[in-house]
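**Q** Sequence:
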Amino acid sequence: MTSSSRFIQAALAVTIARLASAQTNPNAQGACAKTTGGPNACGPNGSEAWLNTGLTGNGWNPPFLDINSLSHISLSDYYNGVGAACRQYDQYFQSSGQKYNIDPAILAFIAMQESSCNADAGGPTPGLMQCDPGNCQNGQNSCQYPIQDNVDCGAWVLRSALDNTGGNAVHALGSYNGWYTASDGTGLNGGRGITQDYPCSQEGRNHGDPQNLNYLHETLNGWFLGYDMYGSDANLDGSYSCSGSCNDGGLC
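Residue numbers for the sequence shown, in this note's numbering: -12 to 239.
If you're looking for bench data, these hints aren't it; they were derived computationally from the structure. Heads up, some of the hints might be wrong.
To be verified - Here are the simulated distance ranges between beta carbons:
(1) Q78 - G153: 27 to 33 Å
(2) S147 - G195: 42 to 48 Å
(3) N105 - N67: 17 to 23 Å
(4) N45 - Q78: 32 to 38 Å
(5) Q16 - N128: 38 to 44 Å
These figures come from a predicted structure and were not determined experimentally. Glycine included, C-beta positions come from ideal geometry on N, C-alpha and C.
With the hints as extra help, turn the sequences into a complete structure.
**A** So, in structure tokens, the structure goes:
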């Protein structure tokens, strides 16, 4: 077999594996086999409208998807593709994943969503996982470094949210970005869950950076499937757009 033939066969095998792992989630409503962006955004883990249930009404009421049944590509495929920058942190994802019983691939996907897999990323929630310093597991008021502490922080926040919601990945991932439901008891937004007008409301502004209302679609139907949501696949993003700022008048 020639080297070119071997290359073609290897590439085909990777493609087949990726497509096989991206089957639509049978428990996700509005799911589509290939991620699509815009007003009718959808992907293998459900439509954005379904993931954001309640956001345009009386408050977010997340549907249920089990954390262990999400459609996503393998960690090796991720590292060989859009997640190449995350490979250097694999030991930390593996360690935290084992410690908190979370698939290391999910931690890597979140790291790309949160910081583009940059352990030196700053902001009010710095580090690889962009974990709020108030949640640090090392007893300090900052856990950007060591990197393992930051990944432990992110994994602990996610695990806590999963335990509090019966393993609901939609609820837990939303809460990672500051989303909340009425039952979460935050008292925000008049005691309702987050709504699409909240992030750029006066109360929302008073509570820091606006939540990203595309977050669930970007993560579950974007990074989880190997798409570059901040680059070549940005057109697959959802229907909201404010780029982390309310200054342009758009919904987040």
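**Q** Between S147 and G195, is the Cβ distance one that fits in 42 to 48 Å?
**A** violated, 20 Å
**Q** Range hint 38 to 44 Å: satisfied by the CB atoms of Q16 and N128?
**A** holds, 42 Å
**Q** Evaluate the given range 17 to 23 Å for the C-beta pair formed by N105 and N67.
**A** For N105 and N67 the Cβ distance comes to about 19 Å; the hint holds.
**Q** Looking only at beta-carbon atoms, does the pair N45, Q78 fall within the given range of 32 to 38 Å?
**A** violated, 44 Å
**Q** For the range 27 to 33 Å, tell me whether the beta carbons of Q78 and G153 fit it or not.
**A** holds, 30 Å
Hint check: violations occur at hints 2 and 4; the rest are consistent with the structure.
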